[in-house]
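As you go down the protein sequences, you meet chains C and Y in turn. Just so we're aligned, residue 1 is where the first sequence starts under this note's numbering, counting upward by one. Just so we're aligned, residue 310 is where the second sequence starts under this note's numbering, counting upward by one.
If you are wondering where the hints come from, they were derived from the structure by calculation, not from laboratory data. Any given hint could be a false lead.
What the hints assert, rightly or not - One side of the interface only, derived from the structure: several residues of chain C facing chain Y at Cβ under 8 Å:
1. I60
2. R62
3. V152
4. N153
5. S157
6. G160
7. P201
8. Q203
9. R259
On a predicted model such as this, the values are computed, not experimentally measured, just so you know. Glycine included, every Cβ here is placed at the ideal spot set by N, Cα and C.
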Amino acid sequence: MQKSESLSKTNTPKRFRMNLKTRETIAAYLFLSPFIILFSVFVIRATFYAIQMSFFDWTILRPFKPFVGLANYKELINDDVWWLALKNTLYFSIITVVGTSAVALAAALAINQPQVKGKEFFRVLLYMPSLLSVGVIGLTWVWLLNTQFGIVNYLLSFIGIRPINWLGDGKLVIPALSLTTIWWGFGFPMLIFLAGLQGIPEQLYEAARIDGARQGQIFWRITLPLLRPTLLFVTVTGFIAHFQVFGQPFIMTRGGPGRASYTVIFYLYEAAWRAFRMGYGSAIAVALAIIIIIFTLLQFRFIGRRVEY
Amino acid sequence: MPKLKALKYLLSLFILVFFVQTMAQDEPEPVVTDFGSGGTLISFWNGLSGSDGVTLNEMLGQFVSENPDVSVRTEIIDWGTLYPKLQTAFVAGEPPDVFIVHASEVAQFHSYGMLKDLSYLYDTNGGPLPADDFAQPGFNGVFIDGVPYGVPLDNHGRATWANVGLFEAAGIEPHIPNNFDDLVAMLQQLTLDANGNNAASADFDPANIVQWGTCMEWIYTDFESYLWQHGGSIISEDGKTATVNSEAAMAALQKMHDLIYKYHVSPEPAGFDAWQSWAGGKVALVPTGSWFRNFAEDQTDIQGQALPAMQLGPNPGVWFGAHVFMIPVSLEGEKLAAVEKMIEWVTNNQKMWAASGQVPARISVQAELDPENYPSNILIGKTFQDYGHMEVVSTAILELQSALDPELSAALNNQKSIEDALNDANKRMQQILDRTQ
């Protein structure tokens, strides 16, 4: 019996059939493959190459690139400008992430009101700044914030405020760059918050209103707790993005006054592209990547544990 | 939620105004321009923006009309972007056929083996360009170990521009005093508060100034001028030791600082727009460069007059540099011949270049300039010849500048003491020199 079964199996023309799960998996990877290939070539390969470069005295145009081991990292640890740039970057990131999240959430709440007409129009309008390049944003805001001729100081003069040196005062320059960035970047997190708000069941609000809850109570007890996963996403991606700020200080202040708006990537640019020290620039990049990873893990640790999905 | 609604409308209004304003901007200056349709196309990169770029483009237009076999594609790139772009282009094996950088950077680019030896272009080696007709000490800047790696287009450097009307209103003939005390006294007369009191008056209100005697513009180059006036330099003659915390440097920077915080004749530099303030009649004497000429002439409601650089030290001294044509070492054949033709044509027609405000590199062309049309070129060129100092030559000049510039800014914007700023700069510059020399 066993033999005949075996024979019949052998004689029957066999069609190779994958199960559904395997087919779906292959299809998924096929759809992902253009991204995976490009990501591997332009990001993963470049990342490993940068790590390798950080162990060399790598001047791009010199054929001889000696291996220096950890010398670039030792220099980095003793480099005052690196620590200053890191401090500036952290300060900028905190202000910008908090500011962007607050403005984006406020805008999303405003647009999400049931009585608002033309939601789509306002959604597009408020998202529009995100479509502009950093060059356009930077040059325009340099004029808006100009101490002598800027419209911001002109408007403030009507309420008796003397001209403020937004980009020339070492204490104000980072908040001014943050202000620019918040205006530029709040559109995308606003859309994320809108999606989050639309995912909150309406029954919860109805129940709260029947129980006599005020708007403030509803926001703090229902909306904000249920938006925590969204908030986590916005803050984590925000910190990752803003830790890499470059265009705004490069275009608006060139890192000044003094080094008051030097950021890590700005310093990396100076090292790699002005001093032509690619090895040292790569060490800065690797160090920043490690810091961002640690910071992201900490955010998940401290904010993420209070999130219910 | 009326507050949220108001916020929404406020944000929307702001964004709408911003977009309207953005779209209403003037046409940007062209960065890539094609000249001619000749069979041999040469690419030409430079950082000559503003009136420099306009003048050079006019010259190239005329060059291709006289040389129809050649066409030129120029790319005008901000200097700060040009240097990294040149690096990547050379590494990729696709450098421009000809480019312009400054004489002070010849040593750095030569150290990478990027530059062609151009001895054969000068008559000392049978070429068409008369070597002894290029003004010194600018011409020396293109030589490394006795070999020329470039052809100078001009000498350009620091000067001042006076608003003649403001000088006349103060009863002063536009001039530059040859000592610091007299300079301060003059600038005090030219600095006015909202009540019309000048900075020498006992009733002067330094918190409410409406007209400045002077201001700071390109701090790095002016500091170098004042440092030379005090007998110092940013690095030693052998190029191995940083000397920017010397007594001379401390004195030079202290005097710049005093103009701002002690005598109140100059605003804090950061956030102050020197050119627009001069155009708005808010600054009597702006320290700037030879390239200011056309901007000054465009301000038809202001009578401007070029003057030598300010003298803060005991001796005169002024920073100047040179724009220099360079050719990649790899260029050969038809393109090389076309590039040589273009450089020779531009060099022989440097008088046209004087329209940019810069001082032509050739002595014979400088002599051709008439005082009526080129007063600033003649005056400024003479200061370069009489007491000019070329930017220091170092294979790490760009990095040295990056180390010093923020410290000067920090000191003059009162973020650091003079001593700390110059000591920090010196320490950093010495690290660079130890690593590179």
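For each hint given before, does the structure comply? Return the numbers of the non-compliant ones in rising order. 3, 4, 5, 6, 7, 8
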